[in-house]
Each structure stands twice: as C-alpha cells, then as structure tokens.
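Engineer: Sequence:
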Amino acid sequence: MGKLEKYYQKRDFSHTSEPKGGKETGKKLTFVVQRHHASRLHYDFRLELDGVLKSWAIPKGPSLNPLDKRLAIMVEDHPLDYQRFEGEIPKGNYGAGNVLIWDKGYYEPLLPSADVQKEIKRELHNGDLKIVLKGSKLKGEFALVKFQNAEENAWLLIKHKDKFAVNKAYNSEDEVPASIKKKKNVTSSSSTTKPKTKETHKIGFQKPMLATSADAINEKDEWIYEPKLDGYRIISVIKNGETELFSRNAQNYTVKYGQIADVLREVGHTAILDGEIVKLNAKGVVDFNALQNFNKKPTGKIYYYVFDLIYLNGHFLTELSLLQRKELLKTFIDQLNNPQIVFTPFAKSLKELEKEMHISTEGYLAKQINSKYYLGKRSSEWLKIKNENDDEFLIAGYTEPQNKNDFIGALLLVEKKGNEITFRGKCGTGWNNEMAQEMRSLLQPLEVSIKPFKESFSNRTKIHYVNPQIMCTVKFTELTPEGRLRHPVLKDIRYDKMETKTHAQDKTQKIGSVTLKFTNLGKVYFPELNLSKGDVINYYDQVSDHILPHLKNRALSLNRHPNGIHGESFYQKDTPESSPAWLKTTPIYSESNDKQIDYLVCNNKASLLYMANLGCIEINPWLSKISKPDNPDYLVIDLDPENIDFKYVIDTALATNELCIQLGLKSFVKTSGSTGLHIFLHLGAKYSFDSSRIFAEWLANSIHQRIPSFTSIERSPQKRQKKVYIDFLQNRKGQTIAAPFSLRPKPEATVSWPLKWKQVNHKLKMNDYTIFNVPDLLKNYTDPWSELAKTSVNLKSIGAKLE
Numbered sequence: 001m002g003k004l005e006k007y008y009q010k011r012d013f014s015h016t017s018e019p020k021g022g023k024e025t026g027k028k029l030t031f032v033v034q035r036h037h038a039s040r041l042h043y044d045f046r047l048e049l050d051g052v053l054k055s056w057a058i059p060k061g062p063s064l065n066p067l068d069k070r071l072a073i074m075v076e077d078h079p080l081d082y083q084r085f086e087g088e089i090p091k092g093n094y095g096a097g098n099v100l101i102w103d104k105g106y107y108e109p110l111l112p113s114a115d116v117q118k119e120i121k122r123e124l125h126n127g128d129l130k131i132v133l134k135g136s137k138l139k140g141e142f143a144l145v146k147f148q149n150a151e152e153n154a155w156l157l158i159k160h161k162d163k164f165a166v167n168k169a170y171n172s173e174d175e176v177p178a179s180i181k182k183k184k185n186v187t188s189s190s191s192t193t194k195p196k197t198k199e200t201h202k203i204g205f206q207k208p209m210l211a212t213s214a215d216a217i218n219e220k221d222e223w224i225y226e227p228k229l230d231g232y233r234i235i236s237v238i239k240n241g242e243t244e245l246f247s248r249n250a251q252n253y254t255v256k257y258g259q260i261a262d263v264l265r266e267v268g269h270t271a272i273l274d275g276e277i278v279k280l281n282a283k284g285v286v287d288f289n290a291l292q293n294f295n296k297k298p299t300g301k302i303y304y305y306v307f308d309l310i311y312l313n314g315h316f317l318t319e320l321s322l323l324q325r326k327e328l329l330k331t332f333i334d335q336l337n338n339p340q341i342v343f344t345p346f347a348k349s350l351k352e353l354e355k356e357m358h359i360s361t362e363g364y365l366a367k368q369i370n371s372k373y374y375l376g377k378r379s380s381e382w383l384k385i386k387n388e389n390d391d392e393f394l395i396a397g398y399t400e401p402q403n404k405n406d407f408i409g410a411l412l413l414v415e416k417k418g419n420e421i422t423f424r425g426k427c428g429t430g431w432n433n434e435m436a437q438e439m440r441s442l443l444q445p446l447e448v449s450i451k452p453f454k455e456s457f458s459n460r461t462k463i464h465y466v467n468p469q470i471m472c473t474v475k476f477t478e479l480t481p482e483g484r485l486r487h488p489v490l491k492d493i494r495y496d497k498m499e500t501k502t503h504a505q506d507k508t509q510k511i512g513s514v515t516l517k518f519t520n521l522g523k524v525y526f527p528e529l530n531l532s533k534g535d536v537i538n539y540y541d542q543v544s545d546h547i548l549p550h551l552k553n554r555a556l557s558l559n560r561h562p563n564g565i566h567g568e569s570f571y572q573k574d575t576p577e578s579s580p581a582w583l584k585t586t587p588i589y590s591e592s593n594d595k596q597i598d599y600l601v602c603n604n605k606a607s608l609l610y611m612a613n614l615g616c617i618e619i620n621p622w623l624s625k626i627s628k629p630d631n632p633d634y635l636v637i638d639l640d641p642e643n644i645d646f647k648y649v650i651d652t653a654l655a656t657n658e659l660c661i662q663l664g665l666k667s668f669v670k671t672s673g674s675t676g677l678h679i680f681l682h683l684g685a686k687y688s689f690d691s692s693r694i695f696a697e698w699l700a701n702s703i704h705q706r707i708p709s710f711t712s713i714e715r716s717p718q719k720r721q722k723k724v725y726i727d728f729l730q731n732r733k734g735q736t737i738a739a740p741f742s743l744r745p746k747p748e749a750t751v752s753w754p755l756k757w758k759q760v761n762h763k764l765k766m767n768d769y770t771i772f773n774v775p776d777l778l779k780n781y782t783d784p785w786s787e788l789a790k791t792s793v794n795l796k797s798i799g800a801k802l803e
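Sequential numbering of the sequence shown, starting at 1, is according to this note's numbering.
Bear in mind the hints are in silico, worked out from the structure with no lab data behind them.
Please note that the accuracy of each hint is not assured.
Pairs of lysine-lysine, DSSO-like flavour, derived with a Cα cap of 27 Å [to be verified]:
| no. | residue 1 | residue 2 |
| --- | --- | --- |
| 1 | LYS796 | LYS763 |
| 2 | LYS584 | LYS628 |
| 3 | LYS384 | LYS283 |
| 4 | LYS139 | LYS6 |
| 5 | LYS647 | LYS605 |
| 6 | LYS779 | LYS605 |
Pairwise CB distance ranges, derived in the manner of DEER restraints [unchecked claim]:
| no. | residue 1 | residue 2 | range |
| --- | --- | --- | --- |
| 7 | PRO587 | SER39 | 54 to 60 Å |
| 8 | LYS507 | PRO562 | 17 to 23 Å |
| 9 | ASN643 | SER456 | 58 to 64 Å |
| 10 | LYS386 | GLY241 | 44 to 50 Å |
| 11 | GLU714 | ASN289 | 56 to 62 Å |
| 12 | PRO562 | SER709 | 38 to 44 Å |
| 13 | GLY241 | SER441 | 33 to 39 Å |
| 14 | LYS507 | SER441 | 21 to 27 Å |
| 15 | LYS722 | THR585 | 26 to 32 Å |
| 16 | PRO90 | LEU654 | 50 to 56 Å |
| 17 | SER441 | PRO747 | 17 to 23 Å |
| 18 | LYS137 | PRO747 | 50 to 56 Å |
| 19 | ARG460 | THR422 | 54 to 60 Å |
| 20 | ASN289 | LYS722 | 37 to 43 Å |
C-beta atoms are modelled at their ideal positions from N, C-alpha and C, and glycine is treated no differently.
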C-alpha cells in the first residue's frame, strides 16, 4: 500500500465511492480545496506531490486576508483521483458527509527551482513551504508554516501580501451557493445543528520575552537589528472591540495610555502585540522624562512602536520565526494605518538601521532571525547593547538624609538573578526634592524588618529596608572589583518594571508579637502570570487592614491550593493540634461528622498570613459570627452565569436591587472575583439560617419571575445552560463565601471587590480588580459598604407588606 497505507486502512471501499488511486496528469502540479461537511464543517487543502495528494484539514477554510492565519492539521496522504471527488460519503464511514470541490488549479514553489518537487519536499521537511496558487478563488503567494513541538501535526496556512490579497474579513463559506449550505448533512439530525467548538486559548496578558545584556554579538549567527527605545514596554491585548494595555509585569496601563488604547480598539482582529510606548520632544528625540511627565499630566501625543506579534485570530505565533512574525505584524499595522501605531524598523546591519531611523535611541537590540517568542523568558537569542553604561537595579532600601529637609539620603541598590539578591551599592544623587518625596512615599509601604541581602555596608544614618520591588535605571562608570557601582547616578524610576518576585524560597518575619516562617515562596501559584506563593502572601500583607474586618470573629473553612491554581486543592475545616498555640480557633459541633470541629478564626494579620502560607489563595468566612453561629449576619444572593454573557449578570443584579428598593431594603454588591456578583443584605444575627434561607428563596423566585428569559433557580448546571443562576442556597449554617478583597484561584488573579451600585453597569469586567491593581486602589479608597452594618432587614415587616 506504500504512501497511501493510512488512507486505505480508514476506508471500506465496498461502502464508499471514494477513489482508490490515480496517476499524475502532467508536468504541472495540481491543488484542490474541498468543502467537507462531515461531523464538523471544514475544508480540505490538498497539494499534488510525489504521486499523491498531501492533505491538510482547515477548520475555518482558507483566506485571502494575510492577517488570517488558518490552522491546518496535516492528515494522511490521499490518492490523486481524490482531487476530482465530489458527493456523499455514507453514514457510518470514515469522514461521513458531503464533499464539494470549492477551488482547484495549479501551484508551484515561490522559489524557482530546476527540480520543483525536490524543492517542495525540502521546504515541507523544514516546515516552511512557500507556494504560488493559480486557482479560481485562491491566487498568489501562500505559506504553510509548521508549529514546532506541537502535539498535533499542526500548520498555519497564511496568505502573503500581494495583489490578490484582501484587507477585509474573508469567509470561505461566502463563496458557497446557498443551496449547498442549506443541504442536510447525512451525519446530522438537523441542518441547523452547529458543531460544538472549543476555545483553544484564553486570551489575556502574556509575560513578554526579555533580552540579555551584551557588549558584542557573534557575527557568525544571523541577526537583525532594532532600535532600543527609552520608553515603557507595553503588551496590548485586543479582543471583541476592546483593548487592554499592560506593563511587562501586568500593571494595567489602559487608562494611562488611553490614546493608544482608543486607536487599537478600531482593530477588527483579536491580537496580542508587544512594543514600546514613547514620547518625542520638539526635536523628534525619544524623551523618557517627557513620558514620565505625560504620566502625571497627559498632554501631547504618544507613540506605540510595535516590534512583535504574539497572538492573532485564534493562534499563538510564538513558534513562528521572528521574520515570519514581523511579516504578519507589518501587514497588521499597515491595515491599521494610524501614525501613532508604528512598525518598529529593523535592518540586517547597524549601518542600514541608522539610515532607517529618524529618532534618537538609547542603544539597539540584536535578534536572531529564526528566534521564537519565549513567553516570560530571558533569552540570548535577543541581545541588548546600550550606548552608555547604565543598567537596571532593584531598590532594597533607603537611608535617612542628614539634612532634615531632604526625604532620602541614598538608595540601596541590588541585582537579582534567580532567587539570589546581590547588593550593588548606594546611590545618592540624580533626583530633586520633589522626586525624593515621591520615591519615599512609594517605598514606605514596602518596608520590611529584615535586610533583603547578605552583604554588609557602612552607613551613618538610619536605614529603611524594603521588599525589593521597585526597579530603577542607574548610570555608572564601572563596577569595582567587589562588584559595587562606581559613581552611580539615578536616571529614572521604572514604574512599568516593578518586580513582584523578589522573595527567597524561605524567610522568617516578625508580625506583632508573632514570628512567622514563610516557606517555598518562589513556588509558582498563577503560571499564566508567573505569580508565586510569595506574591500571594505579599498581597494579603498589603490588604490586611481592609479584609480583616470582614473576617473578625468568624469561623473559616480553608480552601488550600498548595501547588497553585492548577494543582489539586482541598478544603480543611478542622485545625490540626500541631498548629501554633497563638492561633485562635473555635469549637463548633458538626452534625454531619457528629463531633466538634475546631475552626480557625482570623482576627489579625499574623493569622491571615499564616493561612496564606498554608496555600489559602482565597479566604472564605462563615456568614455568622462565632458568638451566634446559628444566626447569620448576612443574607447572600449569589449570581452565577452558566455559559451566558456577563452583561446578563449585571441585568440580574440591577433587577435584584430594584426589588430590594421596592421592599425598603438597602442591598450591597461585590464582584465574586470568579464569574458573577454577590449581593448582601444585613440581618444583624436577628434570625435563624432557616428564616434567612426562606426569605432568600422568595427573593430568588421573585427575581426569576421578573426576568425569566435569562435567569434560573435550577441547581443542576445542565438545566440552566445560558442562564444566570440565582443561588439562594448559600444561606445555610457552615456555608462560606469569598470575603471582600479575597483573591480567587483564577488565571487572571482576580479579586472580590465591593462596589457602589452606580458601578454596576455593562462596562464592569471581572478583571477590573486583580492582585496587580487592588493594593493601589486601596490607597485612596472610600468603602461603599461602610453603611452595611448600620442597615437591617425586618422580616416581619416585609412579610406584612407582602400579605
């Protein structure tokens, strides 16, 4: 059977009319595209080569738009006669369904060759085939690019930019006659049944690839050169007509750089871009200080120099070579056609680059032409060479000034490699008084009692050590033999490069009268964001004053994730006897277990951080206090969407609040931090859980009756598909709910955040509140729940109203 062995093994030719063989028809190589409506509609792309048809299944069909990189799964070779096959493959056979020839013609390699088939086989073997198609619909240059290390034999079919390319949305189905599209598929019970689709990637912030510092490059390798611009590295995420801008450490800069976000919202594609936002001075020179000033007072234009394309229309492009990604990026930016979004120029030599550049730079980047995009990794395939001797350091502390009118004496600078933190010296110049005051206010909340590095140094004034999170750029003449900076001068504070993972693996810290030992701080808890256990502990340290009032004197069920959000988790109610003596617990009888359970009670920061060290990413208190465990303080309505847009959760919440207002009740709302919203009413421990649940059930039914088209009170998820579940069953003894300001074990590291009712609108998104921005938001925070404990529900009065 030879090359067609797999083809024959999958078919019984006594039950299907598919061809068995075929011979080459001439000197020209043929291609065919067949629309195949099997269990799922797809298109089969076939190229004649070496006596067979090399074949790929393309779920979305081919496209003439260069920005549409269509996934193509290579399947078994087919016989040459298959290029003429049309008709039905009977039910019960492999590939059962309707086959229609969508396009056909001839093809040739893009590169001229004396031996055409040999050249095509070489390019196929290398996973990068460039061809010219001569069909009725598909014309011009195309590329088939293989994903390296893919689980499936996955390729991308990409249209090159030429005279046949289009710059608008392209759908292969638009070229199919309506009578064919309406035809009933033999494998389906209904022609209107749509195949189920699976979301391959959840699109959001991605950690960028980083370059390695170097003094020179190895000229033997093939490199391209780009300008190193003195701006803010920005990852932009574009989807569904919305854009978010992130720093390299996932700080959200969408509002700050709204000029750029507004332009990118016009893009009709889903994409993730990597680039640098800069500001030019009057002479057209990149001016970092001007950009810093823009951050304080946004006037004038800023520019986004984009140098890489990470994701586009359903596919991560990280396995493609640098030049392939740049080719797609160039087309992307050309289509956008806005002067504020700039394709970063590059060249194959520095001299060539200097001719291309019209703006001043702080150095250049050398990148290997075949380099992939390594998410979140620093690679020697990208090198940065600077024009002057400066580098980036973390600030690990500061000294008190000798002059009382100053705010900082000197900054303590460290360098971090892996988990090793090395002291590089003190820097005492490069700022004015205003900047010193700003730096001190930035550093004070990060103060720690333990020195973050091993090395000793001399100093005459008081030293404040800080958790080394703030990055700065420092100019210096050289490193001394001891590894200290000589003549350091502060150049700028890099707010976009705040470090979040400067923890050693283990450390001991005194909190009040308690000494806590934190372990495995470098263990990754949120792999999508590269956040560690130490980051979670640091978050709860920062928000402790705000979350503790919601935990005080309440039993807690611990939801532990010792191996991060994707590892196995478990609930722990009973506090082990081995727990520290200072930890407060309370015994509560459990009917289901027929014994007393010692629940942990978290009334202070030490207890909170102890829980975080156990792997408690989220904090879940009871609705009642330990003084009255049978009487809840709160009634909760949990709005949980089941495969339905979040806007319907908003509408359900607003309907709930409207009902409460009509009943004379004041309700309070927060994001769940997961998928829905939580609505609270204050009962003040006046009623039993039974009474609370009965009223909650009445509320849920009343809300559902008002908006039955998109809500449900069915417990079974199968029975409430595409509905908002109005869950009233949380109102039982021992049930818990995520506390306000609690992290949630979700890939975006979202936080449950209290809201004002005016914030509950269709602009609200769950990832508006995350580990990255909540500590900053709390600095100028007005609590929308401040009146919660002052309100009260009178169930007897409400009952009388309803009679």
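Engineer: Take the hints in turn and mark each one as holding or not.
Structural biologist: For each hint, the structure was consulted:
1. LYS796 x LYS763: Distance ~38 Å between LYS796 and LYS763 Cα, so the pair is violated.
2. LYS584 x LYS628: holds, 17 Å
3. LYS384 x LYS283: Holds, at about 25 Å.
4. LYS139 x LYS6: With Cα atoms ~31 Å apart, LYS139 and LYS6 exceed 27 Å; violated.
5. LYS647 x LYS605: violated, 36 Å
6. LYS779 x LYS605: holds, 18 Å
7. PRO587 x SER39: 54 to 60 Å: Distance hint for PRO587, SER39 holds at roughly 58 Å.
8. LYS507 x PRO562: 17 to 23 Å: This hint holds: roughly 18 Å between Cβ atoms.
9. ASN643 x SER456: 58 to 64 Å: holds, 60 Å
10. LYS386 x GLY241: 44 to 50 Å: About 39 Å separates the Cβ atoms of LYS386 and GLY241, which means 44 to 50 Å is violated.
11. GLU714 x ASN289: 56 to 62 Å: Once the Cβ atoms are compared, 60 Å apart, the range 56 to 62 Å for ASN289 and GLU714 holds.
12. PRO562 x SER709: 38 to 44 Å: Given about 43 Å between the Cβ atoms, the range holds.
13. GLY241 x SER441: 33 to 39 Å: holds, 38 Å
14. LYS507 x SER441: 21 to 27 Å: holds, 25 Å
15. LYS722 x THR585: 26 to 32 Å: violated, 44 Å
16. PRO90 x LEU654: 50 to 56 Å: holds, 53 Å
17. SER441 x PRO747: 17 to 23 Å: Taking Cβ atoms as reference, SER441 and PRO747 lie about 32 Å apart, which means the hint is violated.
18. LYS137 x PRO747: 50 to 56 Å: The hinted range 50 to 56 Å is violated for LYS137 and PRO747, with Cβ atoms some 40 Å apart.
19. ARG460 x THR422: 54 to 60 Å: Violated: the Cβ-Cβ distance is about 23 Å, outside 54 to 60 Å.
20. ASN289 x LYS722: 37 to 43 Å: Roughly 52 Å apart at Cβ, these two residues miss the hinted range, so it is violated.
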